[in-house]
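Chains as they are written, first to last, in the UniProt record's numbering: chain U, 1 to 438; chain B, 1 to 518.
Just so you know, not all the hints are guaranteed correct.
In the SDA-like style, the derived pairs of lysine to any residue whose C-alpha atoms are separated by at most 20 angstroms in a straight line are [what the hints assert, rightly or not]: (1) K81/U with R430/B; (2) K130/B with K260/B; (3) K81/U with F325/B; (4) K464/B with R66/U; (5) K130/B with L145/B; (6) K260/B with R430/B.
Partner residues are not named here, just some residues of chain B that face chain U (Cβ under 8 angstroms, in silico) [said to hold, decoys possible]: (7) V34; (8) S51; (9) I61; (10) W70; (11) F72; (12) G73; (13) P179; (14) D330; (15) R333; (16) Q409; (17) T420; (18) A421; (19) R426; (20) T471.
Simulated restraints on C-beta separations [what the hints assert, rightly or not]: (21) L82/B with I5/U: 36 to 44 angstroms; (22) R27/U with D330/B: 41 to 49 angstroms; (23) D458/B with G79/U: 33 to 41 angstroms; (24) S160/U with L82/B: 22 to 30 angstroms; (25) A198/B with R27/U: 36 to 44 angstroms; (26) L82/B with D267/U: 51 to 59 angstroms.
What the hints contain is simulated information worked out from the structure, not anything from laboratory work.
Keep in mind it's a predicted model, so treat the numbers as computed, not measured.
A virtual CB, placed ideally from N, CA and C, is assigned to each residue, including glycine.
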Amino acid sequence: MPNFIDRRLNPKDKSLGNRQRFLRRARDELKRAINDRVRSGKIETADQDQIIPIPRKGIGEPTFQRAPHTGRREEVLPGNKTFGTGDRIPRPAAGGGKGSDPSSSGDGEDDFQFVLSREEVLDLFFEDLELPDLVKHNLKEVVTFRPRRAGYTMSGNPTSISVGRTMFNSFGRRIALRRPKQAEIDDLAAELKKLEGERRPSAATLQRIMVLREDLATLARRRKLIPYIDPIDIRFNRFEPQPVPNANAVMFCLMDVSGSMGEREKDLAKRFFVLLHLFLKRRYEKTDIVFIRHTHEASEVDEDTFFYSTQSGGTVVSTALEEMLRVIRERYPSKDWNIYAAQASDGDNIPNDSERCVSILDKTLMRLCQYYAYVEIIDERESEMFRHADNGTSLWNAYREVGAEWPNFAMTRIAKPSDIYPVFHELFAKAPAPAKRG
Amino acid sequence: MENRAKSSQLLFTSSDWNFDDLSRAYEAIKEIAVDELRLDFYPNQIEVISSEQMLDAYSSIGMPLMYQHWSFGKHFVHESNLYRKGRMGLAYELVINSNPCITYLMEENTMALQTLVIAHASFGHNHFFKNNYLFQQWTDAGAILAYMEFAKSYIARCEERYGPAAVEAVLDAAHSLMPQAVFRYRRRPRLSVEREQARIRERLEHEERTFSDLWRTLPQAPEAEAPRGVETDMSERQSAIEYPEENLLYFLEKYSPVLKSWQREILRIVRVIAQYFYPQRQTKVMNEGCATFTHYTIMNRLFDKGQISEGTMLEVLQNHSNVVFQPSFDDPRYGGLNPYTLGFNMMRDIQRICTEPTAEDRDWFPDFAGNGDWCGTLLDAWATHRDESFIRQFLSPALIRDMRLFSLQEEASDPYYEVTAIHDERGYERVRSRLADNYDVGVTQPDIQAVDADLKGDRKLRIKHTVHHGTTLQEDTRNETLRYIQRLWGHEVSMVGIDGTTDKTLYEVSTKDLGEKT
């Protein structure tokens, strides 16, 4: 008799530890792949599920292996049909290799693919940017509230009275305090009437009438004292505010694309915009992005043009602000939209225009915007020189005035990718607390 | 009346299995296996598992207990991807060379399939494990499960003490040397898990008992003495080395100047596992052939005795023919010779030669053709051969014709392949001997040996690769592997490729020139 054992109920995930180890091992590769992807991909897709193929490097298991097609070897194959001894078969072209070589079986591992959820993508992406957990937590939050039924309360406004609940309470109270019923009174009244109607009432009847009258009076008094509905019976429907994603947001991306902005500057700007976009997308049901680029004149463009086309010319920053103002007036009334703006520039501007920018911001734009971030992209070598906020380009100096006046205006310099994070830290610290808003 | 008598003999009628049916089928199979096939096997332990668990078992190279390593996770992901996409079916069973012999059955199998699998694994493979000389010589079926238990907990303990990253570094390197971690000629020392465990435990406990944090605070006065200790240690080791050594992992374990004792122990564990699987690598055709032949014979006997129905037999045959399906070399499905087919065909052929030989068979196999005792002939072959010698002795011209085998030579310098032998009078010998060569691990594995290490001098380790027939190594994996060896050796490692016939140096590579891992 063999020993039969039913193992089906044993815990299943025996290899869970191994899989986690594998993921940890592959993590660096994944991170690199995601960063590449975000840099090269469209902004909008940055926080969708991603299928990431990972190359074998880092997860390979090398051993000493015979190189295919070297030296002399003789193999035995089945299914000969027409060959005779001494026949020669031309070597197949390199592209159409036979693939029957055992050592090429490792190729199958090339298609190792991970499907990462957007949470995982964001985690990996933020990790690279050194966002603290606190910030990640905020990102995941939602902002506006909608009332939701949540039991009953003793107080409230008359429109939310819960009739059913109120009657339920009053009924219980009436039974408990033995409030006389209408039928009871009617019975007594009928009997009284009948007795009173007798022509020649006996002494007993008169006695009975007296009792009945007294009883009726008592009952009437009780009914008066114990009301049908007492204020303590009344219940109101209770509503709790439930967080729901806020409605509409629009982000304006303003970028200087004049000749001085190179690939590096654009890459940094793009990373910045990706993050800002993610933030908005998580807070609001719908985020519109408006791309505005400018040289000496500004225009609204699509994403591809925004990042990849080169256009050169002088730099007049105020044109971008005016363009933004125009778009807001046309399509995004500020009472319906949360308006965010991010401006990236290398800080160059023609003389006298910076003052104009300040006045546009001061007079109109800052009143309309929820938040305005100015990011100046500088050379890494300059970052030392510009460490103090006092020194800077003409635009920087001009914007400092705006920053002093408006709490929802932030300005920072970025020299390398890891600098982007402080900007967001500021954003979260300064933005109205993610509690109730309207 | 006759019908009823027949149906009452059936072992089972439903296609769903249950434990009663299983044990009835088991007993019936055992009767045939013992009385008619004269099989001799370890006691059986049959375990039913789900497909998820089967994938788990797959990824840990088929062992029920295994230490944790990312590469097993990688295989799991890979295989479950294939499985989910439907590109790979799972094996119906998995069998472990242990005493008692553990067979895993998948719960999804039908009753017919379970019967087939029990005959295949619990009797076919089991008999082979117990009786083949390689398994007897190299593996210790009684001790392996306990040893794996020890290995698993030892490595888990190391991870706790030294951190998973440090353990992983050693395991990565050790795994890459697994093919070079077997003794091919020397008898391996007998495993005694209890002794092993006691030894390790004692050492650890001693370390823990004598550990005192105070020592760390002592001034480093006896500095001058320490190197002398190391020096004598090294010269002792140096004189103990025997060259050449082809078991690289053993060599590193014993003589590496940098490894700590727990790291040596891990190398030892990996080495023991590699050695345990060494016979399986050499007997794939025979092992599978033996199991397939066993299930085929037993199922047919069950059917003849009226113990299984026509429907069951049909299902069995369908599965059987899937298992032994051999596409031709020009078929897109072709992926090498199917060991099941080759083994099964050869054993059926031996059966035929024993019972109804032709003149040709009498000519080629005078010692057993027509002896009538196919069972005894097979039992003897199973016990005393490995793939290479089995093919060299038993592959008959009739089977070469049947499978239309031909041998094809590839010379790197020629723009063509040449057909060197086909299934004709001139070709039989050559086809047979080339096929045997292809199953000889001595020929298929690269010949790599540690030849020199100067422990007292620059500590450079020299490895020699003897190149046969001009077949070199793939450069990228070779360099990666050398880096791993350097990790274990701690100093420069160089490898030289020498042509086996001309003694010419074909290449020379050193970890010094490889640079850091990119």
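Results for each hint:
| no. | hint | result |
| --- | --- | --- |
| 1 | K81/U with R430/B | 18 angstroms, holds |
| 2 | K130/B with K260/B | 37 angstroms, violated |
| 3 | K81/U with F325/B | 18 angstroms, holds |
| 4 | K464/B with R66/U | 15 angstroms, holds |
| 5 | K130/B with L145/B | 16 angstroms, holds |
| 6 | K260/B with R430/B | 51 angstroms, violated |
| 7 | V34 | 13 angstroms, violated |
| 8 | S51 | 10 angstroms, violated |
| 9 | I61 | 12 angstroms, violated |
| 10 | W70 | 4 angstroms, holds |
| 11 | F72 | 4 angstroms, holds |
| 12 | G73 | 3 angstroms, holds |
| 13 | P179 | 6 angstroms, holds |
| 14 | D330 | 7 angstroms, holds |
| 15 | R333 | 11 angstroms, violated |
| 16 | Q409 | 5 angstroms, holds |
| 17 | T420 | 6 angstroms, holds |
| 18 | A421 | 6 angstroms, holds |
| 19 | R426 | 7 angstroms, holds |
| 20 | T471 | 4 angstroms, holds |
| 21 | L82/B with I5/U: 36 to 44 angstroms | 28 angstroms, violated |
| 22 | R27/U with D330/B: 41 to 49 angstroms | 44 angstroms, holds |
| 23 | D458/B with G79/U: 33 to 41 angstroms | 55 angstroms, violated |
| 24 | S160/U with L82/B: 22 to 30 angstroms | 60 angstroms, violated |
| 25 | A198/B with R27/U: 36 to 44 angstroms | 40 angstroms, holds |
| 26 | L82/B with D267/U: 51 to 59 angstroms | 38 angstroms, violated |
Hint check: violations occur at hints 2, 6, 7, 8, 9, 15, 21, 23, 24 and 26; the rest are consistent with the structure.
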